[in-house]
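Novice: In case you want the letters, here they are:
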Amino acid sequence: MTKSRLGATMGSLLKTSTSLMAAATLSVMALSDTASAQDQSVKVGFVTFLSGGAAGPFGVPARNAAELMIQSINAGTVPGPYNTPGIGGAMIEPIFVDENSKQKNADYLKLVEKDGVEMVIGYISSGSCKAIAPEAEKAQKLTILFDCGTSQIFEEIVTDPKYTFRTGGHATMDNVAAARYLKQQGVNLDSIAGINQNYAWGQDSWRDFSETVAQLNSDASVATEQFPKIYAGQYGSEISVLLTSKPDVVHSSFWGSDMEAFIIQGSARGIFERSNVVLVTGETAMQRLGPQLPDGTVIGARGPHGALAPDSELNDWFRKAYFDRFGTFPTYPSYKMAQALLGVKTAADKAGSAEQDAVIGALQGLEWEGPSGTVSMALANGHQAIQDTAYGTYKYDKDAGKPVLVDVVRFNAECVNPPAGVTSIEWIQGGFEGAKCE
Amino acid sequence: MLTATAIAVDGLGFAAWLFLSSVGLTLIYGVMKILNIAHGGFYALGAYSSAWAIGVYTTTGSTVALTFLLIPLAALIAGAVAGLIVERGVLKFMYGRDEVLMVLVTYAIFLILEDVTKLIWGTQSYVAWQPAFYFGTVEIFDIPYTVYKFITIGTALVVGVSLLLVLNRTRVGKLLLVVIEDREISGALGINVNLFFTVTFVSGAILGALGGAITAPEISVSPGIGAEIVVLSFAVIVIGGMGSIGGAMIGALIVGFARAASVHLYPPAELFSIYLVMAAVLAVKPYGLFALAESRKI
Numbered sequence: 034m035t036k037s038r039l040g041a042t043m044g045s046l047l048k049t050s051t052s053l054m055a056a057a058t059l060s061v062m063a064l065s066d067t068a069s070a071q072d073q074s075v076k077v078g079f080v081t082f083l084s085g086g087a088a089g090p091f092g093v094p095a096r097n098a099a100e101l102m103i104q105s106i107n108a109g110t111v112p113g114p115y116n117t118p119g120i121g122g123a124m125i126e127p128i129f130v131d132e133n134s135k136q137k138n139a140d141y142l143k144l145v146e147k148d149g150v151e152m153v154i155g156y157i158s159s160g161s162c163k164a165i166a167p168e169a170e171k172a173q174k175l176t177i178l179f180d181c182g183t184s185q186i187f188e189e190i191v192t193d194p195k196y197t198f199r200t201g202g203h204a205t206m207d208n209v210a211a212a213r214y215l216k217q218q219g220v221n222l223d224s225i226a227g228i229n230q231n232y233a234w235g236q237d238s239w240r241d242f243s244e245t246v247a248q249l250n251s252d253a254s255v256a257t258e259q260f261p262k263i264y265a266g267q268y269g270s271e272i273s274v275l276l277t278s279k280p281d282v283v284h285s286s287f288w289g290s291d292m293e294a295f296i297i298q299g300s301a302r303g304i305f306e307r308s309n310v311v312l313v314t315g316e317t318a319m320q321r322l323g324p325q326l327p328d329g330t331v332i333g334a335r336g337p338h339g340a341l342a343p344d345s346e347l348n349d350w351f352r353k354a355y356f357d358r359f360g361t362f363p364t365y366p367s368y369k370m371a372q373a374l375l376g377v378k379t380a381a382d383k384a385g386s387a388e389q390d391a392v393i394g395a396l397q398g399l400e401w402e403g404p405s406g407t408v409s410m411a412l413a414n415g416h417q418a419i420q421d422t423a424y425g426t427y428k429y430d431k432d433a434g435k436p437v438l439v440d441v442v443r444f445n446a447e448c449v450n451p452p453a454g455v456t457s458i459e460w461i462q463g464g465f466e467g468a469k470c471e
Numbered sequence: 502m503l504t505a506t507a508i509a510v511d512g513l514g515f516a517a518w519l520f521l522s523s524v525g526l527t528l529i530y531g532v533m534k535i536l537n538i539a540h541g542g543f544y545a546l547g548a549y550s551s552a553w554a555i556g557v558y559t560t561t562g563s564t565v566a567l568t569f570l571l572i573p574l575a576a577l578i579a580g581a582v583a584g585l586i587v588e589r590g591v592l593k594f595m596y597g598r599d600e601v602l603m604v605l606v607t608y609a610i611f612l613i614l615e616d617v618t619k620l621i622w623g624t625q626s627y628v629a630w631q632p633a634f635y636f637g638t639v640e641i642f643d644i645p646y647t648v649y650k651f652i653t654i655g656t657a658l659v660v661g662v663s664l665l666l667v668l669n670r671t672r673v674g675k676l677l678l679v680v681i682e683d684r685e686i687s688g689a690l691g692i693n694v695n696l697f698f699t700v701t702f703v704s705g706a707i708l709g710a711l712g713g714a715i716t717a718p719e720i721s722v723s724p725g726i727g728a729e730i731v732v733l734s735f736a737v738i739v740i741g742g743m744g745s746i747g748g749a750m751i752g753a754l755i756v757g758f759a760r761a762a763s764v765h766l767y768p769p770a771e772l773f774s775i776y777l778v779m780a781a782v783l784a785v786k787p788y789g790l791f792a793l794a795e796s797r798k799i
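Residue numbers (our numbering), protein chains in the order written: chain R, 34 to 471; chain C, 502 to 799.
Simulated from the structure, these hints should not be mistaken for lab results.
Since the structure is predicted, the reported quantities are computational estimates derived from the model, not experimental observations.
Idealized CB from N, CA, C, for every residue including glycine.
There's no promise every hint is true.
[What the hints assert, rightly or not] Rough simulated footprint, nothing fancy, chain C against chain R, three-plus residues with beta-carbon under 8 Å:
id, stretch
1, 79–91
2, 263–271
[What the hints assert, rightly or not] Just some of the chain R residues that point at chain C, by a computed CB distance under 8 Å:
id, residue
3, Ile103
4, Asn231
5, Val255
6, Glu258
7, Thr277
8, Ile297
9, Gln298
10, Arg321
11, Leu322
12, Pro324
13, Gln325
Working from the sequences, and respecting the hints, build out all of it.
Specialist: So this is what it looks like as structure tokens:
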């Protein structure tokens, strides 16, 4: 071996050793960081329906998604950019609470005062959100409403929010998009009818849908508007009225067991054949009812979730991880819970802390990627999310033995949501000023 | 004419469901003077048993016609087992206590039964639509109605008439009427009052379960359905007179037609209509339309 070759070899060894040492040092630092992160934890309260009629189709899928996401976030196994452990360096320590309670406010205050949570993520029912949003402001506790739909939350109940956020779109997005979809598909909108639950979500949904149709078709008339009690279960009389009034379109924002009962009773009596039926939350029934849900039903998922979610690495991972763990594909409540948790993680990581004030500062006006696409906290001074949405038409593929959505149409977030500073009803009645639909 | 017919058929259909769901409640109150809140639990157990049995059976690919046997069978088993456990396990130790206390006891049992249904069937909802579709529909003035709805109406009629016949035309029924009239004198006459209590409670539980079981094919059976039915059933038996089978029939018809009429003619009053009727009846007849006269004991 010549001197120069020896020198080169020594140099190479030295370089390799240096690289190895550097790598080892970095690894030790990373391990140290991980250990440090694992030492920190942040208590988060999760409130969804764990009992009652909304548990099966909504609360439990949301809870399942929370469990999956918490485990994956803490382990740092969510695809990038979420592949660092924890939120803001802290491990999530969940406390689950049942939303099906007669004392929602007391349960909330117990989470805040006794359990000492850093934040609360929850609430499926619009009724719950109407009760909790003012309580959150009063208690000065970061509270993220992940699912409920009424637009009243930031337009009427808490008009200057500091601690309350909603990481999913509200009813206006769902119902403006439903009407736009029908119009785009060439459905006759001269006569419309509604069957919606008699509380904030049902009333807001029908208002936004019927007002949007009125804007899209000045000849439209309302054949009948039915508001049965939530969890009524029996809709014989309402279906008779829908059949006798012969509307072109029947709109329903029913959800959970009420929606499934309406589908069973309505399809048995031919309402889906006589009118075009649009189900704002229909996606949650697709897998469960299969061929029993009539072909041609217009289906929404309260955002581009579930069967309407766009292809992406994050969505593929989420669907697979959820299926592997629970044996069924995630529906929109699961997507919305994952969306909320990823929003919190983005905010906490950006702030470098999971503490309330840091997360609030970062979450305001934040934009992040969820399994169903980009979410932007664009309304209510950065506290209310908007996102693109989609509708499709249901078809049961007999050969494949599975339900599919055809004629899927996607709508820009700015096409179906009011701009900041304008209430939903003003925006709709004003002819959707500023809407960007191309 | 179209609207009047629709109100008549819809009202009858709703009344049949209400009667089947509430007759067990009024029977138990009539005999035992217990306002049985656990009735909602029996209704839910019947609905879950029926939906589950239909679901399991239909996966075998056998004829749907046999599911019409599964519905009463599921109600019979669920109601008899749960009724017997509740009566023998809890209530027999509480007889003679204050009526208000018994309401609390049965409310506690209702909560336990709610959790029992969740333990057995989980929080997922069940759909068992096959029987509701099996016979198709009939059209009345161009409005399709499921034949299943008329089967429900027929079942309610058979149950109501059978109960009235048993109570008024059989020896057992007449003895039961004596127990209803005065349980102390009945005991003194040698009637086994406790046996009548057990049989009545189990029968009431089976009727409650039958209400749920026959409803299951038309709905999505999910946690919480029992709570809804207790409130409606209570309105029905209060209107008819607590403890009166005939009163429950009339109460169900009044509520059924009132609700159907409001849905067809003035939908905003739908929720209010039931309680408006109840308030109007109670204003005129504070103990309900067919309440049994009570003798005051000195």
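Novice: Each hint should be assessed against the structure and marked as holding or not.
Specialist: To see whether the hints hold, each was checked on the structure:
1. Counting residues of the stretch 79–91 of chain R whose CB falls under 8 Å from any CB of chain C gives 7; the rule of at least 3 is met.
2. Coverage of the stretch 263–271 of chain R by chain C holds [criterion: at least 3 residues with CB-CB distance below 8 Å; count 7].
3. Residue-level restraint check for Ile103 of chain R is violated (minimum Cβ-Cβ distance to chain C is 20 Å; threshold 8 Å).
4. Interface restraint check for Asn231 of chain R: the shortest CB-CB distance to chain C comes to about 6 Å, inside 8 Å, so the restraint holds.
5. Taking 8 Å as the C-beta contact cut-off toward chain C, the hint placing Val255 of chain R at the interface is violated, the least distance being around 11 Å.
6. For Glu258 of chain R, the shortest C-beta to C-beta distance to chain C is roughly 7 Å, which falls under 8 Å, so the interface hint holds.
7. Among the interface hints, the one on Thr277 of chain R holds; its C-beta lies about 6 Å from the nearest C-beta in chain C, closer than the 8 Å criterion.
8. Given hint, Ile297 of chain R at the interface with chain C, holds; its Cβ is 5 Å from that chain's nearest Cβ, closer than 8 Å.
9. Given the 8 Å rule on beta carbons, the hint for Gln298 of chain R holds: about 6 Å separates it from the nearest Cβ of chain C.
10. Hint on Arg321 of chain R holds. Least Cβ distance to chain C is approximately 7 Å, under the 8 Å limit.
11. Because the closest C-beta pair between Leu322 of chain R and chain C is about 7 Å apart, less than 8 Å, the hint holds.
12. A least Cβ separation of about 10 Å between Pro324 of chain R and chain C goes past the 8 Å threshold, and the interface hint is therefore violated.
13. Satisfaction of the interface hint for Gln325 of chain R is found here, the shortest Cβ-Cβ separation to chain C being roughly 6 Å, below the 8 Å cut-off.
Checked against the numbered hints above, the structure breaks hints 3, 5 and 12 and satisfies the rest.
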